[in-house]
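Participant: This is what each chain is made of:
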Amino acid sequence: MALRDVHVAGFAQLPNRMNLDDYDEAEMVQEITAKALADAGLERSDVGFTCSGSNDYVMGRPFSFAMAIDGLGAWPPIRESHVEMDGAWALYEAYVRLQHGDVDVALVYGFGKSSLGSVDAVHTLELDPYSLAPLGVDPHAMAAMQARLLIESGETTEAKLAHISCRSRRDGNKNPNAPHADEADADALLADPYVREPLRAHDLPVRTDGASCVVLRVGGGGPRIRGIAHIIDAHQPGFRDLTTSASATKALAAAGGAGGVTVAELHAPYTSQEVILIKALGLGEDVTINPSGGAHAACTPMVAGLTRIGEAALAVRNGAPAALGHATSGPLLQHNMICVLEAE
Amino acid sequence: MGADVELVSPFVLEYAYKRSTGPVIGRFLTSLRDGRIEGVRTAAGRVLCPPVEYDPDTGEDVQDFVEVGPCATVLTWTWIDAPLRDHPVQVPFAFALVQLEGADTSMLHAVCAPREDMATGMRVRAVFRDERVGSITDIAHFEIDTGVSKDLVPNEATEPITRFKAPTRLEYVVAAGATTAEFLRGVLRRELIGRRCPSCEKIYLPPRGSCPTCGVRTTELVPMAQKGTVTTFSVIRIPFEGQVLEPPYAAAHVLLDGGDTPLLHIVGDVDVDLVRMGMRVEAVWAEQLEPTLASVRYFRPIDEPDVPYAEIRGHV
Ligand SMILES: [Zn+2]
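Residue numbers (the numbering used here), protein chains in the order written: chain A, 1 to 344; chain X, 1 to 316.
Treat the hints loosely; a few may be bogus.
From the structure, some residues in chain A lie toward chain X, with a derived Cβ separation under 8 Å [to be verified]: (1) D24; (2) R44; (3) D70; (4) W75; (5) L116; (6) T124; (7) Y130; (8) E197.
By construction, these hints were calculated from the structure, which means they are not laboratory data. As the structure is a computational prediction, the values presented were derived from the model and not from experiment. Backbone N, C-alpha and C fix where the C-beta goes; we use that ideal spot for every residue, glycine too.
This is chain X alone, in the form it adopts within the complex (with noise of 0.2 Å):
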């Protein structure tokens, strides 16, 4: 990649999940939230804690619910120096297996003590938050048992929980790839540079590395054409979030002369009641270019015969 220009770019993806429970998780955080753990009995007799709503041995249906801890016992750990963010504590800490007393599997869960005191087989207690909300993290953390246990905050709240958020955030640093980098790179000298296909001869614009038909890699730079035709558009009427324009406006696949493939971007300088198929346009660039496709503001109309309709139809 050259060094004239970094096209890296950061990317954030994020969900703003909700769960529903189901019956057995649902009761098993709305007892959390009320300051107990409760695990669940298999019809064989073991008692799963965290609950689940199948025996993983038998896939039987678990049976009925046991209140299980608040004291475990530590069966493996590791320590954590440094939390990250998304760590329940922001202190050093253990991560550990717990198996509360009653229960025949163990619970992952941290464990606050100090670095010295962690070791296994170490008997600790569940601690809970004042304010709780129906989740795994209503335990703040396990803590080492000293036989007595803190005053519970009582909670207010009393209907089941059914469900709960679970938003998700995944954060990345995207590379353009030596394909689109090429292309961008043009952009940055106002040119649109496409790539031939060495099997099939089409022109592709945005490049592709690969012929989507053939399979084989698209080997030879193609400067194009600044002008084209209007093959297809609709007009944006009404506003949605992250609008950049002004509505309304029309998008359209232009399809560059000597082109394969319309590329969609903006038709402006016009009525948009007077674009149209087959309309002549040419690209108008920005002032201050940026390696992105923003950098041709738009495509504005050229006072040259529309292309008939039999000669776009393979490109709409």
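Only chain A is shown next, with the shape it has when bound in the complex (with noise of 0.2 Å):
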């Protein structure tokens, strides 16, 4: 049976702040829909299904997603889902659901906040729970782990992931839905102590406050989402080759290859796993990466991957022929998605 065409007929976001404090989960909803829906010159009454990404812990209640449908005017009933991941990951289940073939549009969103509480306790608590969580062990050094062994095999520096620092953040100054981060020069941060040797404070996500939305449609025009695959490694990470991803390499050639990529969008909180997906993806020279600061200059939970979806979507819009979005979940680069996106 052949797919069904799915377009990105609609992107929205809430700026990533450090602190959304003023809006509750249906408020965050209730604007991010109504704004994707607009962008799609759609009405609420046009969408057959919804889906949803968010995490009960980032947001300290018990079901949190439920609150959120407040902000969907769910009268009368939708039929609804979540995913208790990252937004992409309901965008995934919303492309699925599409190619049943009953319905054509579905709104997709994904929600979280880092201002409650602790995300990196959220982070340890999400590790298995025989052999890692209860060590306590915070991403921070679990990425550090990771670094070292990239650098130490000769990859990449400090000096080059202090580059990345410098690259994303000056380019979330340009996006004016990320946060605003001091600009520094390279070989100034590198004078700055380690938070986890060998990563700095630049290396590490600036975690924000945030959602986004994004409608999908059967046909209707706008980026078409040529291929889309998620795969999944090993959850131990001493169980992997952690200087590349396999699961982001494979996934890739799931969704059809990145020919004609000129844009990717990639999940990479950390400097270092720019690096590593770089690779894993093998994206030459010629892709621009992260125009819009990344994953790296505005970590939103449970948003970062589904908002790189609709940047990549935005680039197409933009002129790019084909662009890739890239969303990341579990420890180091353990679940990776790919959906590649092409001018219509």
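Two chains, each in its own frame: build the complex with the hints.
Facilitator: Printed below as a string of structure tokens:
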């Protein structure tokens, strides 16, 4: 059976900020879904399926995704689903749902706040409960061990990582949806102390609050999903070659490859993970990486991945022949999704 | 948000989970309690440690258990200058991926060594705690291998490990948000302020920033009457943990006059056996106001005729 052509008909995001205290879940969802539908030229009544990504531990309350439904105007009752993951996986579910053939428009959103509690502590809880979580290992320490492997194998240097951070934050400062970051000279950054050797503060993601929304539509124009796939590796970091991401490589192949791609939006919270993904995806010098500043400049939990796909769609709208959106989940790039979009 | 009152509140989420281990993890933890480290061999002959139930490459069941370590090689590491509360060591130490002798994979654990001695490729040895309970932290840490092992304190326990405690604690600082903050500031003035949906014109109290029926922002603030009608109720006669009021008391849905959504509150100043649907009530405020709905102590009956059920049936 041939797959139905699915297009990104609309995209909207709340600006990623250090603190969106004024918004509750429903208010975030109301605003982004209304804006994304307006961007698509569609009404709420046109939507045949709705799917969201969020995490109760991040939001600090049980069933926060159910509270968020109040932002949708879910009356008469709607077909709705949820993933306790980044909104990118909600988009994948919606893409599959549209293949059933009975509905043509899907509304996908993700929301999250870093400001309420400790996202680091939530990431620690997500680890293997027998051998990792009891050690209380924090995500920065995990990323630092991965970065050391990368540096000691000659794949990168601390100076190159500082340049990645500078470029991301400079691009983020041009993106009204990323928080303002102080721009510094890469050499000056290398004088900073380590947070988790060999990573310094500038290598870590800027954690933000935010929400984003994508409207998918069968037909109707807009950037077309040429291929989408996600693959997962073993959970244990010590079971994998951490200097690459086997699942990212496989997911790109399953999504049909990166032919014609000129822009890649990579969900790489840590500078070192951008190096790994560029290698795993075989992206050349001709591909512009993270023009939005990426997840390094604005890392909203449960949102940053979906936003990468939305930003890739914007790149296609703005003239790129094809663009790649990447999302990750799990520790140290364990689980990776690739969505390749192209001009129709 | 107004500067008059800081509407943020600490919040702790805690779960007292116990986890079951299954046969493979259970045996691994049992061995740790007994002072040994075991891995599992896959059909392809790789030895995985820490053990898992399935070969991550093939999905096949793993085969037999193999003793590994206690010596290991550091494959990568990071230095922790200021340990966090949940870290396994409370003095400066390294987290490392260590490959135990006899294993083909590495395990994450703590290494205690001087910072200047830390290096990829260094040889380390597992140090077991004296008191072991069947946990990955029965290995206290790894230390530089000097070729001499510390005597293991024997363990009296013989029962296999099948479950263990895995308590969860997360701390938050929750802000009320603009809509709720506006409502709570009204409470400090003894006002109950709802919000009206511009589309269906329903008035929500407590207010909502978004109409759940229409999916649009509510915009208009509506100061509400402080009299209302009990639309439904329940008498609480048994004590429970965290209870504030002395049973018996009546919890009720109170629909304020002119409003569209009932408020969950308490009916007081009345014999609970007299509380009924349709009963007319009014708000009784506390003397000391605080920015919570507890500033309304309860609703008490007023001398007005009951409202017929037909008029409240949509609001129970
Ligand atoms: Zn309405």
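Participant: To test your reading of the hints: which numbers does this structure violate?
Facilitator: Nothing - there is no hint that the structure violates, so all of them hold.
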